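J.: One letter stands for each residue in the lines below.
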Amino acid sequence: MKHFKLYKMKYLFLLLAIIFYSTLDLTKFLILGNMVDMFYNLSIYKERVYLGIIIISSISILVYLIDVFLPYFKNIIVEEDINKIRLEIGNKIINIPFKNLEKMQFGEILTKAMSDIDRVQRFIELDLSNFLMLLFKGVIAGVICLLINWKFLIAFILTIPIIIILSIISGKFEEKLLASQKEETSNLNSFLMDIINNLVVVKSFNLSNKFLRIFQDKSRSVKRIEYNIYQRRALFSFINAISLLLPTIIMMIVGVLLVSKGELTTGEFTIMLAMSSRIANLLGGTQDFIYNYQGYKTSYNRLLELINVPEEENRSAILGQMTDHCMIFKNVSFCYNNNKALDNINMEVKKGEHIALVGRSGCGKSTLIKLISSLYYDYDGQITINGISSIPGNQRFVRDQITLVLQGNYLFPISIRDNITLFSEKYTEKDIIEASKVAGIYDFILSLPEGFDTIVENGGINFSGGQRQRLCIARAYLKKSQLVLLDEFTSALDVNMEKQILDSIEDWLHDKTLITVAHRLSTIRNTDRIYYFENGRIVENGTYEELCNLKGAFYHLFKGEIVGR
Amino acid sequence: MKSKNMKQLKWLFQFIKPHQIKWGAGFLIDIIGSGIYQICNGIALENIGAGLINSDKCFVFYGLKTIMFGAGVITITGALFWLLYGASISLFRENLKINTFKKILNKKHDIVKDSPAKMLTLLNQDIDMSISIFGDELRPFIYGLGTSLIAIAVIFYTNIWIGIICLSTFAGNIFITLYFKDKQEEAVNKRQKALENLNHQYNALYEGAAVLKSGNIYEKPIQWVTEATKKVSDAKKTERFIALKQNLLIQLFLNLNNVLPMTLGVYLYSTGILEIGKVFFLIQMSIQFIFDYQLMGPALINISKAIAGEKRIYELSNEADEDSEYGVEEVVNNNEIALDFENIKVMYDDKLTLTIDKLQIPKNKLIAVVGDSGAGKSTFLKLILQLIPWTGQLKVFNTAARDYKLEKLRSIFAYIEQTPKILNLSILDNILLGNQEATSEEVKEVVIKAGVDEFAAKLVNGYDTIIGEDGFGLSGGECQRIAIARALLKDSLILLMDEVTSALDNKSESIIQETIERFRYNHTIIIAAHRLKTIKNADYILVFKKGEIIEFGSPEELLQNNGYYYNLINNKTDL
Chain B
3 MKHFKLYKMK YLFLLLAIIF YSTLDLTKFL ILGNMVDMFY NLSIYKERVY
53 LGIIIISSIS ILVYLIDVFL PYFKNIIVEE DINKIRLEIG NKIINIPFKN
103 LEKMQFGEIL TKAMSDIDRV QRFIELDLSN FLMLLFKGVI AGVICLLINW
153 KFLIAFILTI PIIIILSIIS GKFEEKLLAS QKEETSNLNS FLMDIINNLV
203 VVKSFNLSNK FLRIFQDKSR SVKRIEYNIY QRRALFSFIN AISLLLPTII
253 MMIVGVLLVS KGELTTGEFT IMLAMSSRIA NLLGGTQDFI YNYQGYKTSY
303 NRLLELINVP EEENRSAILG QMTDHCMIFK NVSFCYNNNK ALDNINMEVK
353 KGEHIALVGR SGCGKSTLIK LISSLYYDYD GQITINGISS IPGNQRFVRD
403 QITLVLQGNY LFPISIRDNI TLFSEKYTEK DIIEASKVAG IYDFILSLPE
453 GFDTIVENGG INFSGGQRQR LCIARAYLKK SQLVLLDEFT SALDVNMEKQ
503 ILDSIEDWLH DKTLITVAHR LSTIRNTDRI YYFENGRIVE NGTYEELCNL
553 KGAFYHLFKG EIVGR
Chain G
8 MKSKNMKQLK WLFQFIKPHQ IKWGAGFLID IIGSGIYQIC NGIALENIGA
58 GLINSDKCFV FYGLKTIMFG AGVITITGAL FWLLYGASIS LFRENLKINT
108 FKKILNKKHD IVKDSPAKML TLLNQDIDMS ISIFGDELRP FIYGLGTSLI
158 AIAVIFYTNI WIGIICLSTF AGNIFITLYF KDKQEEAVNK RQKALENLNH
208 QYNALYEGAA VLKSGNIYEK PIQWVTEATK KVSDAKKTER FIALKQNLLI
258 QLFLNLNNVL PMTLGVYLYS TGILEIGKVF FLIQMSIQFI FDYQLMGPAL
308 INISKAIAGE KRIYELSNEA DEDSEYGVEE VVNNNEIALD FENIKVMYDD
358 KLTLTIDKLQ IPKNKLIAVV GDSGAGKSTF LKLILQLIPW TGQLKVFNTA
408 ARDYKLEKLR SIFAYIEQTP KILNLSILDN ILLGNQEATS EEVKEVVIKA
458 GVDEFAAKLV NGYDTIIGED GFGLSGGECQ RIAIARALLK DSLILLMDEV
508 TSALDNKSES IIQETIERFR YNHTIIIAAH RLKTIKNADY ILVFKKGEII
558 EFGSPEELLQ NNGYYYNLIN NKTDL
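Which chain is which? The protein sequence lines are B and G, in order.
Residue numbers are given in our numbering: position 494 of the first sequence equals residue 496, and the series is strictly consecutive.
Residue numbers are given in our numbering: position 479 of the second sequence equals residue 486, and the series is strictly consecutive.
Worth flagging that the hints you see were computed from the coordinates, not collected in a lab.
Any given hint might turn out to be false.
Said to hold, decoys possible - Only pairs whose alpha carbons sit at most 25 Å apart, straight line, appear in this in silico PhoX-like list of lysine-lysine:
1) G:352 <-> G:24
2) G:24 <-> B:12
3) G:190 <-> G:11
4) B:48 <-> G:285
5) G:456 <-> B:561
6) B:212 <-> G:24
From a predicted model like this one, the values you see are computed outputs, not experimental measurements.
Isolated chain G, as found in the complex:
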């Protein structure tokens, strides 16, 4: 348990680098500054007290001088602390955020399953909590710890009995904090999950606004949010209740510390063991000690909570990356077989969704993938793109897919989704995602080929129109044309299309048909299609049913088979 926490903190600490020196120096200066101030304050009080009683001005002035010196020191160290601390903490946040984002980008496969709301909660609140471990929460802790240790030392030096009292209450507090740590962590976890859930609900309301409005549905969604907020507040209440119990004990020790040294001080004075100045000094010191040490209590609680938040980030960071560092970086394009599948199994949520025993897809052919919806067409394309986990043997141009450097492997394919995703960038930038080094001539060529030019040129800001800005949206067909332009610009060896022409009008579709015709002789094209025209035009037909291949061959062969394809053609002759 302990060592796991240390590992977790050690992991977190690396993100302060390379500013760890500034960070450490900042805290060191802070402690030294406040320590000097405390000591000066103590000395000053002792001298002023003694000076006033004995009517000796020298003592009083010495006391005043000391405290002014202390004040000067703490003023300067305070400002220095913020400068050093600020530099390291702002970098810390940046580093941690970038690292977490990188993880989200490179995490293996099932990232698609993680809700955006969860990721955003992680990237904001949990990161903030993690930062506070070495930042905002640590400062009062270190400050409290440092000054109270100094105070204890000074008190010990002056009188051992009062010292022992202070030290034992101090130890008691640490013990209580450790005792409550696990419960605290559990409560925080619950709270963060509840917040995540609330964000998830917000997201559903936002995405589903058109459905809810057109259906005049208002009460139920409010009920969702009400439930979600209730969960949050319940979780927070539990958290607070634990803190209450913890605080009850912590404050008890603090107050014992308030009363005991004083009582003992008076007693010792009355028995003549301590002088009046020392009693003064001791009482002042123990009050100061409580004051600093009061900071430490909540800080300890907050740090243990923050560690729970950090754990969520840490767990994410421990998930496996897609293997993208090493591997074959060259595509040997002289094999006649583009894709070679053997014993492939795709699992989704422990359910077998696709099995391929043996399949070879020849190079530079047009392959139409058909089947009922849900038969596995999209899964087939995602498998090729390595977007979902699979087992078995897949060769791409005679090299095993797993042997490629992932980046290289993905550069072999261009993919057009069923519902194309367009990012909130300008239209031009969206197209350039396909190939960032493309020349303007190349871009011009693809936008005309894909039919983007017809609508984009008419917009007020043309290709610089930013999608999503001020709610600027594109119709489904327009999105698809951009997606096609993007894929064409990538100019990969294998083109994967998922029901690509579905949202297109006939004219745009024929533009794309032409493009396909031009491409099909030197590119391998795999289309999950449902237009007969596309299907009939293919060199090979691949038929899926319930996650298995039931037919594969040229249209002529399949027609004689009297199977799925035969029925498809014959039922649909009027289309």
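Isolated chain B (complex conformation):
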């Protein structure tokens, strides 16, 4: 994992601490074993026995201190790295292409941020270091055994291959199950997110019971997988117990034989027993480790899936060529999930021109807006915005040129002021007040007890739809870019307010290039040019009068209103 490289020294320190700890622990038993032999002649060795006890006690104190402080430092070091992954997830949400983000469900991201990260952390912090501890203890114990009596060890080593084969077989099954468990949990979370976000629908249509049933079905399948995992675990524990106990018993038998033949003293036998339990622990621990490693790998891969999504590339500054055209589309086609969303679009918009995109919903207008604002950029053809070619890598420059107001712009859970300025510090209080006046929200903000410092809750549920939209307009006004994109921005406003806003933003917009998507004649009528879309193609374009005279699709869509006037 790349995050570890930064902390090599710290991990090395941990490793050394673990080795030291294991050695100390074993030394204790070595001394203990020697003392056993002295026991028989306690009157002779009395002082040495007491010395031994003193040594053991002081080692115990050291072990005690390490026991207490090692987990603490381990946690602090690992936590720092895990936090980097948490940050990286945030970074990914911010920096991956919009299209990739749209394809992810938030529940999935959250499952990764919660359970997968926990799993990875537990592995590195506990499982891995526990295993290392067992490994060192086991290896050192093996060496000690070898030094005392090699026959003893050979008997022991013979049991290892059987155990390893057994654990590899059971590990294989595990991997698939764990992956599908994560997958199902992730699905379940996406489902939950969807329901919790749409509780109003669920309640107003009396659907609680229906969704509870669906949830029950879904969680039943999660449960089934989980139960399967436990069944494997049972098999696993069987194998584990055998691999833990088999060596111990074999060593006991061999040890007893050796002692009775006089090749081993009783004290040495005691040491051997203590050592053999260390080696057996290593074997059992290896199995646990393999088991935990499977879980870790599954979670780690799932995190990588997210972390490996390439971020949007960014080039260094590119100056736009001076041109009369604010926006040029040349033979642009765009597919979304194999559905052709836009088909061979050609458009030229001059500086200062106001144009309108019209068509029935789903005709491709909003997709076009996303292409202009460089939220999507994997299209065929050529798009140039203010002289900057909209190709991958240029999106930040393109986005600097535009102001985008969407139908349901998101309000962040921060103060109203920050929502309007979007954290740019270049705006003065005067600018902010001016912007909110233009959007017609100034009086309302003043009426709030905390004014501009009022915190927007949960995507703006403490405001009405109209108020939310007006905050977005104030936000857009502040950006003061040359090209303004309005995507059905007044749809949530009432007639009065719409007129007020249209009047007040008229001054702001009159020298701007404006591309607006609208359904209301009042918004469209005064534009310089109207593009009429059908199924991702431009079928008619011209001024309002031209299109009315044409008596084509546009005329028919607005017939009622045009005739009514």
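With chain B's structure known, arrange chain G on it following the hints.
T.: Frame of chain B, contents of chain G only:
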């Protein structure tokens, strides 16, 4: 304090049912198995030790036989434990999750205020913690407790003084754990809140991606996440620091246990009170005792943490449900007044947002609700739907709203939101949410009426296209048409629409206008509208201003009033 915890645990335990027998049996078998193994191990060591010293093979073989027997027992009981435990724990998780989800669904009103991130944190991490109380954390605890109690008993039996030492360190540890419990709980609470906050930030970044990208804003959001992650790691550090202090004491007692029995054993042997085999046995037992009991220390810490997590679920479970169990289940539709409001007050965050002194809405009429944005139109509709808390007297078809069974009451209304919410289901399933028993003819009828058919039929997968899958999205107008189809399929007595036509093009709108025309003579329709056409067409106009009704009457009456409606009509004649 104590009894509250017990209540909390008792509440949690009910979710293991009906597998509590399996659960209990699993743990019992586990304890018995490891107990037998421990005893066998002790006996074996005593015999082997004695046998080797006295060169008596019988003793040695007896010892070996005993330990093999113990090993056999623990192997089988271990596997049995996982089977029984697995069955009960997987059910436990399922039950608890379903129950918590049910609570979220049925919780009273202000659920809308709870952030999804919080709910998801509860449903994942806090539930996992709760499960571990009777699961993963309990096992080492019970195992440690069981075997160390057995060890203590055996040690006591062999030598009372060493027994007393072991018992007192054991008691010391329990005391320390209890002492740190509250601090631990507070730290866990803080950590979970920090995680919740982080998830909330992730959510904001995800939802606001279009705004952030189009505004080229990158640094600040990174800063949010950095702050949020820092909070998490700070909370975790505090938590660890408390654990460090706790561990310092726990391990101290453990190590005393390591040294004291041994020293005492040697002393007793030297004075001739104990035989060599017994000393062997005692030392082995006390080491084993420490080994098991070492498991117990962290387990105790973890359990007290898990209880803090469980508390969050428990608190959620104690929140009041919407009253949906009992009440009137019949709608008497012979009253001329559909809705009758009296002294209604709606509070939001302790602020009065809507007051209605008296209002009667007649049956089978089209009522347009108008007013500036934020005047209370949406609140009015949500009030009728019982989605927000209110006080006062509301009668629906002459029966008090509170007397209805909630499900019945909501079935009287069909609601179309301002920004329609479409679930991540297929288009067809989204429409069927309106009436799950609808026949395919009925569905066909509404999809044409609502204009869904025009776009849905063209999609590669047609009505089976799943929304949200692979980022498949619908335009605002399309969503609204689906929402309309859904509401039409429900065919309720009262139709509530919130600025419904706003995102629709003219053609779709006229389809809906036609539908409204067809419906208005046998349905009550309440529209929070801003198109003049809709407003002029209404039978009654209801004007809100700053959360109060300022005008109510037929368009003709209001025109003579020279009030809000009059101004609306006259300012806007060119629309």
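J.: Give a verdict on every hint.
T.: Hints, verified against the model:
1. With a C-alpha separation of about 44 Å, the suggested pairing of residue 352 of chain G with residue 24 of chain G is violated against the 25 Å cut-off.
2. Of the supplied pair hints, the one linking residue 24 of chain G and residue 12 of chain B is violated, its CA atoms being roughly 47 Å apart against a limit of 25 Å.
3. Straight-line distance between C-alpha atoms of residue 190 of chain G and residue 11 of chain G comes to about 17 Å, which keeps the hinted pair within the 25 Å bound.
4. Simply put, residue 48 of chain B and residue 285 of chain G have alpha-carbon atoms about 19 Å apart, close enough for the 25 Å limit, and the pair holds.
5. Distance restraint check for residue 456 of chain G and residue 561 of chain B: the Cα-Cα separation of roughly 20 Å lies within the 25 Å cut-off, and the hinted pair is therefore satisfied.
6. Distance hint between residue 212 of chain B and residue 24 of chain G is fulfilled; the C-alpha atoms sit about 24 Å from each other, no more than 25 Å.
Checked against the numbered hints listed earlier, the structure breaks hints 1 and 2; every other hint is satisfied.
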